[in-house]
Every structure is written in C-alpha cells, then in structure tokens.
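J.: Take 809 as the starting number for the sequence shown in our numbering and just add one per residue.
Hints should not be assumed to be uniformly reliable.
Within a straight-line C-alpha distance of at most 25 Å, the following computed SDA-like cross-link-like pairs (lysine to any residue) qualify [what the hints assert, rightly or not]:
{"#": "1", "residue 1": "Lys1248", "residue 2": "Pro1234"}
{"#": "2", "residue 1": "Lys1143", "residue 2": "Arg1367"}
{"#": "3", "residue 1": "Lys1208", "residue 2": "Asp1197"}
{"#": "4", "residue 1": "Lys1233", "residue 2": "Asp1197"}
{"#": "5", "residue 1": "Lys1052", "residue 2": "Pro1021"}
{"#": "6", "residue 1": "Lys1208", "residue 2": "Arg1190"}
{"#": "7", "residue 1": "Lys1208", "residue 2": "Gly1181"}
{"#": "8", "residue 1": "Lys1208", "residue 2": "Lys1143"}
{"#": "9", "residue 1": "Lys1208", "residue 2": "Pro1179"}
What follows is a list of derived Cβ distance ranges for each label pair [what the hints assert, rightly or not]:
{"#": "10", "residue 1": "Pro1213", "residue 2": "Arg1013", "range": "53 to 61 Å"}
{"#": "11", "residue 1": "Gly911", "residue 2": "Pro1158", "range": "53 to 61 Å"}
{"#": "12", "residue 1": "Gly890", "residue 2": "Glu1225", "range": "22 to 30 Å"}
{"#": "13", "residue 1": "Arg1041", "residue 2": "Gly952", "range": "32 to 40 Å"}
{"#": "14", "residue 1": "Arg1140", "residue 2": "Gly890", "range": "57 to 65 Å"}
{"#": "15", "residue 1": "Asp1053", "residue 2": "Gly1168", "range": "33 to 41 Å"}
{"#": "16", "residue 1": "Lys1143", "residue 2": "Gly890", "range": "48 to 56 Å"}
{"#": "17", "residue 1": "Arg919", "residue 2": "Val1320", "range": "23 to 31 Å"}
Source of the hints: derived by calculation from the structure; they are not laboratory data. We treat Cβ as the ideally placed atom computed from N, Cα and C, and that holds for glycine.
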Amino acid sequence: MIPLRPGDPDRVGGYRLLGRLGAGGQGVVYLGLAADGSRVAVKVLHRLDDAAAVERFLAEGRILRRVASFCTARILDSGTEGPTPYLVGEYVEGVSLAATVAGHGPVTDPRLSRLAVGALAALAAIHRAGVVHLDFKPGNLLIGPDGPRVIDFGISRVLEATGSSGEIMGTPAFMAPEQFRDEAVGPPADLFAWAGTMVFAATGRPLFDGPSPAAILYGILHREPDLPPLPARLREVVAACLAKDPARRPTATEALLRLLGHSLPHRDLLDEASAIASRAGGARAGNRRRVPAGGASLAAAALLTGTVILYGRAESAPPSAPAPVPSAVPARSLKLPGTGVVLHEREEDPVRLGSYLAMGTGSRRAYARAPGGGFRLVAHDREPVASPDAGRVALITWSKFADGPDDHVTVAGAGDEVTVRTTRKPVGAWYPRWSRDGRKILLTALEGDGDDRRPRGFVIVEAGTRTATAVDVPADAGADAADGYFWSPDGAAVARASRTGVRFHAADGGLVRELRGIGEPATLGDPFSPSGKKIITHCPDDGTTLCAWDAATGQARGRFSAPSQIVYGWYDEEHVLLLDRSARPYRVIAIDRRGREVRRLADVPEADLNRWVPHFVR
C-alpha cells in the first residue's frame, strides 16, 4: 500500500481511505475501511472529461455482478461522491502476476500448471456469465493466497450487448488479432490473451514483443509464435489458443478440459466445480455473509479431481425431465430478414418467435410476424414486442422526448396503429411486456438517462381503451434499472427483482408479497412457466446454474445445468429456452435439467450475436 498523496480524498461514499493500492488509465484504487471495520477496495474514476470512460466505469459494476464470485473480487457498493463515480469491491490480499514475475522471476512447474488451470477456470466462469473481459493480461491476474482472481473489467462487455464502438482498447502485447481488425470480438480473444499471459508467466516477457507498437502488432497479426519450453499438455493448449483465426481456438471450458486430460468436453464439469467452490467456501465462512476469497483455488482443486466430480455428480443431480417425443414432421427453416439467423419452426412448438430487432451500423429495424407467415418490417429505431397471439406488436423508441416532453408506446396490428402517452419527461417507459391475455402492456418507468436511470415504478397500458396509468413505487435499495417489471401469470400483479428476492405489487403499487432468497429472474421476459406454477432464476448460490422455484411458496423445484446465461424463458413446463454458445453457429435451444438439447429452434451466426434481439411468444 502507498500512502495517500496530496489531493487524494480521505473519504469516499462513507468509506475511510487508508492508502493507495494502485493507479491506472481509469482511476485510482484505494484501500478503504467500511463502517463495520472490514477492508475494501475503492476504485475512483479520475477521467471525468471522457464520457466513454465514465460509461465503461459504471458498466463495470453491473458486469462484475454477473460473474461467479469465486473468480473475481465481488462488487459490494457503488455510487457517486459529488461528480465522481466510484466502485467498492471485496479486498483480496495478493499481488498481480506481473508484479510476482518482476519480483521473483518466471513461474515454474508445478506452480505454472496450477496457475494455468485456475486462470482458465475463472475465464470459463466469466464467459458462461455472458461477459468478455477484453483486457486479460498479467497485470489483471491477481495471485492471492488462495488462488488467482481476474480483476479490472473496465473495458469488458456483455455478450448480448449491442457491440463495441469500434475503438481499439486493451494492452497491445496481449491482444488478439481480431481486436486490431474490423471483425467481431468475443470470448476467443480472451483465450488468446490467456495463452500470452501463460507464456509471460513462464518466461518473464511477452510472447509478441518488439521495439515499437507497430512491431508488436505485426507479430500478433502475421508471425507464428515461437513457444518456450512448457509442460507438454500446457504447451498444446497454449498453441491452440494462439491460432490467428478465432474460430480455431477452443472455448475456455474446452481448453480447461484439455489441460486436465479430458478428451471430450463434459458440460456438467464446470457447473459442479463452481458449485463445490461455493459450498466449500460457505462452510468455511460459517455465519458470515461475505463469500471468502478461497473460491478460485477450491475450483482448481475440484477440477483437478475431474473423475471424482463426474462420479459424484450422479448421486446429487436432479432427475432429468422427460424429453419431448421427436416430431415426425420436419421443421420449416426460414432465414430471418435483415439477419443471417435461420429459424427452425414446427407447428407443435409451444413457443415461437413473435418479433425481433435487427441492428446494423447506424440502424435498428423492428420485424414482426406477417399475417401470411414469415416476418415483415414494421418500424425503424424502435423495439418490437409481439402480443401473445403475435397479432399485434408494441413499439417503444430509444429517442425519448425527441418530439416533445411525453414518452409513448405504439400498438400496431392488422391495418391499425395506436399511440398511447405513457410518461412525461424526465421519466421514460421501457421494457414492454404483454399480459398473458393480450389485453394490457406493462412498462417499467425509469427516471434519468443512460447509467443514471433510476426506477420510478411502472405503467399499465390498456390496449382496448388506449389509456395508460403510471404508478410510482418507492425505490427499492436492491433494484437495478436493468431489472424491469413483469406480469404475474394471472395479470393481477406485477413483480420485479429486489435485493432480497422477487417482490409482487398490486396495480396501485402496494406490496402484495415477496419471495425471498430465490435469486434474480433469469430472463427479462416472462420468468413463469406456462402453468404459472414455477419461476426460473439465476441460482443465488451458483452463477452458472438456473433454479426453478414454486411461484407461490418459493420452495425449490430443481436446477438446470445451463450452457448459457442468455435465457429467453420456459419452452414448456419442464424445459428452458436459451442461447447455446458452445457450438458454431450459436443456437437457440430447449434444454432439460442436465443441460441436454431437446429441441433446436434457430441457428445464430456469430456476427449476429450482438445484432439480433428476439422476443418469443407462447
């Protein structure tokens, strides 16, 4: 720790600052003291004149909350001190890999192999949470007494976000070729960086080095790497991850399994490892609420005993739900206009695509079901959400208040279009949700712009009478602006995620009841099963698994080993619909409890991952 310098604050957001832990391009990280006496890391931005940097900084806290806690330092708090934004995170004792190598020289085996396994386990969990780090390097791999932690998600992005701005960001010596080219950048870039980081750990210098940035860039784009002596299995995996073509690199899970000697990927392996880490960490912590810092090394130890995990899984796994009987009628394949997505439909499917948003450079096009089949363009620069029967579509605009002080929703049907005023500036209406009977539309009221949006309540639009009722709800300390309201199955109440669970409100905003401790709903759409008896959430004790609960009592009703965290909702009463990123092209599939595919509904090219926003109807 470095003493505070002149000009440094002595307190931020109620946290007393003890000294500096480090400084970088974004800001300064201080060692702080919370009110309960615990030590925390307080990250304060110092580039207030750069709007893009502020946006990335504020997004970092939201991104980190999606990642399993065993591989990162948890975010505990965030806020602003005057005009200055800050994040408060778990303080983890340790030094970066860069500092370790600088102080003690290269890392030798078996420590090198343990480091490689732990770092890959962390990356696999990060990617399964739907996040790409984009700046994985020796300085961002923290070596704690209990294993490695990945830090500094300042330029990371969420996989289903709309994409990057085209700005090249990162540390050149550890960036992948596609980060310098006009190509899609995703999880494979992190695998390239992991491989370069392992070479640095073994040698003390970057794999692609040179006297100038241009020389480094040339090496990354054109030169085949000259690998140093490495343990045989690690050398094989590192070489695969350094492929110039990102499509030829393994995923983090595949690389981890190869490193552990597994010839075939086993989808359950990482789920079980992170679950074991969570349970073991909780047992050591006793009654303390804070998750201990031992998760990363525990995960590595669990993964190193892969055979035991695979056999142990059979005893505790929930019984697999019955798979639907395969249909004798072949699926009808349809390429969606404005995208490369191919839809595979069957008449008997309980869900179907009702509308979607296709995003390109400078354009957003809204498509909805056409009366005679297929899809038609219904609007530009508006988000479309189809009604349950797919006969109408609700449209909202992102350009709030461009035409006046009122926000609105437009309902378009067969030859009819109605616009209803919803809120007044500075409160906007977002996330349209149809009630199951198709009579009402629910919107979330948010005040402010961008990352400053704050929940203000909800709006109910009566499609028949063309009226809207705005309802203020007292701000929930645990509510995030990204967590929209959704209908209860009977349409009599609305609900949203809170710090303690899911809260249900009457039409006048009064609190009706609360399901505590069930985790956050796994989809911004309808989290309830077709019968309305179950609700699907991200399991509160495991960031890589989905949990089903009794919607009335909150009792557990099973888990889903999910290959993705982009969840669209229930396929039927026993299966969940989600995006599977483990194959190319990506696929929209229905899975059973063990994560096995039982139905494929669409193929999604990698180029369309951030450009296609679907809305399914039942």
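J.: Confirm or reject each hint.
T.: Here is how each hint holds up against the structure:
1. Lys1248 to Pro1234: holds, 24 Å
2. Lys1143 to Arg1367: violated, 33 Å
3. Lys1208 to Asp1197: violated, 28 Å
4. Lys1233 to Asp1197: violated, 32 Å
5. Lys1052 to Pro1021: Within the cut-off at roughly 18 Å; holds.
6. Lys1208 to Arg1190: Roughly 11 Å between the alpha carbons, so the hint for lysine 1208 and arginine 1190 holds.
7. Lys1208 to Gly1181: violated, 32 Å
8. Lys1208 to Lys1143: Violated. Lysine 1208 to lysine 1143 sits at ~32 Å, over the 25 Å cutoff.
9. Lys1208 to Pro1179: Since the Cα atoms of lysine 1208 and proline 1179 sit roughly 30 Å apart, the hinted pair is violated (cutoff 25 Å).
10. Pro1213 to Arg1013: 53 to 61 Å: holds, 59 Å
11. Gly911 to Pro1158: 53 to 61 Å: holds, 59 Å
12. Gly890 to Glu1225: 22 to 30 Å: Once the Cβ atoms are compared, 46 Å apart, the range 22 to 30 Å for glutamate 1225 and glycine 890 is violated.
13. Arg1041 to Gly952: 32 to 40 Å: violated, 25 Å
14. Arg1140 to Gly890: 57 to 65 Å: Distance hint for arginine 1140, glycine 890 holds at roughly 58 Å.
15. Asp1053 to Gly1168: 33 to 41 Å: violated, 24 Å
16. Lys1143 to Gly890: 48 to 56 Å: holds, 52 Å
17. Arg919 to Val1320: 23 to 31 Å: violated, 55 Å
This entry does not satisfy hints 2, 3, 4, 7, 8, 9, 12, 13, 15 and 17, going by the numbered hints stated previously.
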